[in-house]
Structures are given as structure tokens and as C-alpha cells.
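Which chain is which? The protein sequence lines are A and B, in order.
Be aware that the first sequence starts at 1, since it is given in this note's numbering, and climbs by one per residue.
Be aware that the second sequence starts at 1, since it is given in this note's numbering, and climbs by one per residue.
Any given hint could turn out to be false.
[What the hints assert, rightly or not] No farther apart than 27 Å at their CA atoms in a straight line, the calculated lysine-lysine pairs in the DSS-like style are these:
#, chain 1, residue 1, chain 2, residue 2
1, A, Lys62, B, Lys356
2, A, Lys62, B, Lys361
3, B, Lys347, A, Lys74
4, B, Lys323, A, Lys62
5, A, Lys62, B, Lys293
6, B, Lys17, A, Lys62
7, B, Lys17, A, Lys121
These are calculated hints, taken from the structure and not from any lab test.
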Amino acid sequence: MYPEELKYTDDHEWVRVENGKAYVGVTHYAQEQLGDVVFVELPDIGEEFEMGDSFGVVESVKTVSDLFMPLSGKVVEINEDLEDSPEAVNEDPYGEGWIIAIELSDESQLDQLMDSEAYQKTLE
Amino acid sequence: MTRKTPLYERHVELGGKVVDFAGYKLPVQYAGIIEEHRAVRNEVGIFDVSHMGEFEFRGPQALEAVQKLIANNAAKLKINQVLYTPMCYPDGGVVDDLLVYRLDEDRFLFVVNAANLEKDWEWVQENTKEFDAEIENQSPQTGQIALQGPKAQELLQKVYDLDLSQIKFFWLEKEGKIAGHKCIVSRTGYTGEDGFEIYAPNDAILDIFDAIWVAGKDSNLQPCGLGARDTLRFEAGLPLYGHELSPEINPLEARMSFFVDLEKDDFIGREALLEVKEKGLDRRIAGIEMKDKGIPRQGYPVEVEGKEVGFVTSGTYSPTLEKNLGIIMVKKEFSQAGSNLDIRIRKRLLQAEVVKLPFYKRR
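Sequences are here, hints too, so could you generate the full structure?
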């Protein structure tokens, strides 16, 4: 449910650092709370955000929720497949359901994120 | 204080995601809103709607009291017939929308929205003092189940001891029994599908639910929550109080003139509504389909050439049509099917087109 190799935020997002980029998505808990995801509003490639900024929106049938930057940086990839298949956020939140990738502006911020165990404690 | 309905334990056992709604703990979903929605469109779903309010009117002037309160005409009801109606303020704004059941010559039942229950109860009492009629709030002791979908009759017939095919659309039967309990069964609902609503005292409603549930094992009976109830009513173009109806919206603007009988002698709000009708409407409810990608939600502004011309009252992804749809209140000149509008969704202005309501009609 909460892979060991990922980092987590209080806003129920995960981060995976890969080749100098950080991939970002929402956790299993988040997708479960959201219910059927029917729309994801993505930022533009090249947009820069500070940690904690809203960078997009995920909508379920009933709810509209902001997505928050887990770390400061520039958007370098967006998951355009979510336009046609937003349900990937529910079905495969750590894989096909990834949302954006960012180029970090301050790698030391990674230390502020939780590991899997610490994140799961917040859910209890 | 949030209350539990008599079916609360069942929601928990069946895996419902329970939320607080209008003072009650009710499931927003079980399997998922889209799956539950499709179950009702294609087969059959069961809903706990025990939070709805029930007021019974009895006595020699019960009809007069009812007639003063509602905009539709209860005098036209035969015994065992049901009526949908708005209940208005003197200025034509809506107190609530409700069903009126004629249980007998001088006995009527109001079924009102849970969110408006206290307000309605005060309103009803305040405005019927002059009549020789007794009015009782039966809501706390009354449970209600909705069984909805094309297979609702086939399933309910397995546990109901009278012939359901004799209950026509917007009629009721009060003599039949389920699981040994007498209950009111009406062919009504809030989904746009065929189906029934069942009323019984709290202790009986649990047995009734269990009997239907057991019988439904072979019919893929789907427990459904508030989420699917909303998407189903939305597709069927049925108004929801607080969205398409409110104290600031009159029923003529809400496309409910069919349920307003201005020929009726008198009722609260009649003069105001007559005036609205004579002057003509400035704005009205309309349906929209998004052309750009985005979901319209309640309160989003509607614009034409940069000018605000209305607002969204309800909007969602439609599981049946697989489109992003909305209901809007808009200046009348932009309410015709085919009109192009913009919806302001956060920072963006997205294109939409007016389409006919309802979005969905059963075959």
C-alpha cells in the first residue's frame, strides 16, 4: 500500500526521486478518500512552484481537491495520459497514476518528507 | 448531534463510507459512486433515505391546510396518489420541494428534505393555525428505503405480498406487507429510473431492508450512497434544494411550472408567481455540456463575452453519458439549446454549450 522506496507528505502525496527528477502522485489513502477520480488538472511544463504551492487539482465525482507541491522546483514532465484515463489515479496510484515530475530547486527539502513507516503512523 | 438512521449498522457492515449529512450519519458510497450509479441505471440499487422528513396532516380541513402551503394542486389527488410540489414563501422563493401523499380523503403525508426539516416544520405549523387539522412530525420514528432501477419491481415483488404492477407511477399502496410489516410503498424516486420508496416505522424498516437484501442476493442488488443519489438525480434533471431551488430561486425559473398551479384559488406565493409569469422570466435553469476539459461545480460563474450572465447550480462527471455536465441559472436569452457560454473554472475560462434537460431519460 505504501512502498518503502517512496517519500510521503502530510498532504497524502508521494515522491520518487529518479535520475535527478522527483515524480509526484497521490497515495493509496488519498485515492481511497477521493473516490472515483474523474478529472486531473495539470500544470504546464516549465512552471515553477514553491514547496506547498497548489500546482493542480484532482476531482472525483463529488469533490475538488488541490494538489500541493511536495518540494520546490520546476515542472519538467506531466502525465498527459490522465486526461483520458484519470481513473489511473485510483487503479495504480504509484505507477500509471503519477501526476508530475519536477526538477528540484533544493534537494535538502527531501529530508522534510516522511518515510513509509512514518507516513503510515499519521494514518492511524 | 449527528443521529444514526435505523439502518446505520447495515451501512457499516456493508462497507459504506459514512459521513455526516443533514444531521445524520449516512453512507456517501459503498463500492464507488460510478459503480453504484451504473447498477441503478442497469439493474437495481437500494438506498437508505430515512433522513427524509415526514409530516402527517389529518382532520376535516387537512386538504385546506395542504393547499395553502403547496403550489401544486392536492385537490386533484385521488386517494393513494402522490404529487410533487414546491412549497413557496410569499415572494415566490422556495421553502422546500416535497412529495404529498394522499393517504385518505382527509389524510396527507408530506415528505420533505432532511436539510430543511426544522425550517419546514416551523413553516408548516406557523401557516396552518386557522385550520381544523392536526399535523404530526413523524420523521423521528419513520424509516425510508428507496429501491431503484429497472429490476426494482422484480426484486421487490419477491418480498411484497400485493401485486406491485397495480401501483402506477406516482401512486402508493398502504395495505401491503414486507417481512410481516405493513408499510407504505409508492412508485416514486429520485433517480430517473423505475423504482419504489418504502416507508415504515424504524423497527420495521430494518426487517424490511434485511428481507429485500436477502432476496436481492440473486439480483446483484447494489447498496448505494448519497453520492450516487446525487449523480442519478442530476442526470435525470431533478432539482436539488440548495442548488436548483432556494429562497432566492422561484419554481418558474427552475423549470417547474408544470408543478405550479396558478389556477388554484390561493396558496402562499401565488401572487408573486403570477406577477413573475406576467412579467416574464429574466433567468432560468438550463443544462450545459462542457466542450473544454473541466467539470463545472456549484457557484462557478457563467460568462458570455467576458460578462457574467449566470452561475452553475450543480455539475459533475456524468457516469451514464461519460461527459462533464452542468446545470446553470442563466439569463434567459442564453438559455436556449445550442447557446455557447464560458464557465470560469479557477483561473481558466472554459467553453460550454447549452443542451436540453434532462440529460438522461429512461427508455
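Each hint, compared with the structure:
no., hint, verdict
1, Lys62(A) x Lys356(B), "holds, 23 Å"
2, Lys62(A) x Lys361(B), "holds, 22 Å"
3, Lys347(B) x Lys74(A), "holds, 20 Å"
4, Lys323(B) x Lys62(A), "holds, 15 Å"
5, Lys62(A) x Lys293(B), "holds, 17 Å"
6, Lys17(B) x Lys62(A), "holds, 13 Å"
7, Lys17(B) x Lys121(A), "holds, 21 Å"
Taken one by one, the earlier hints all hold for this structure without exception.
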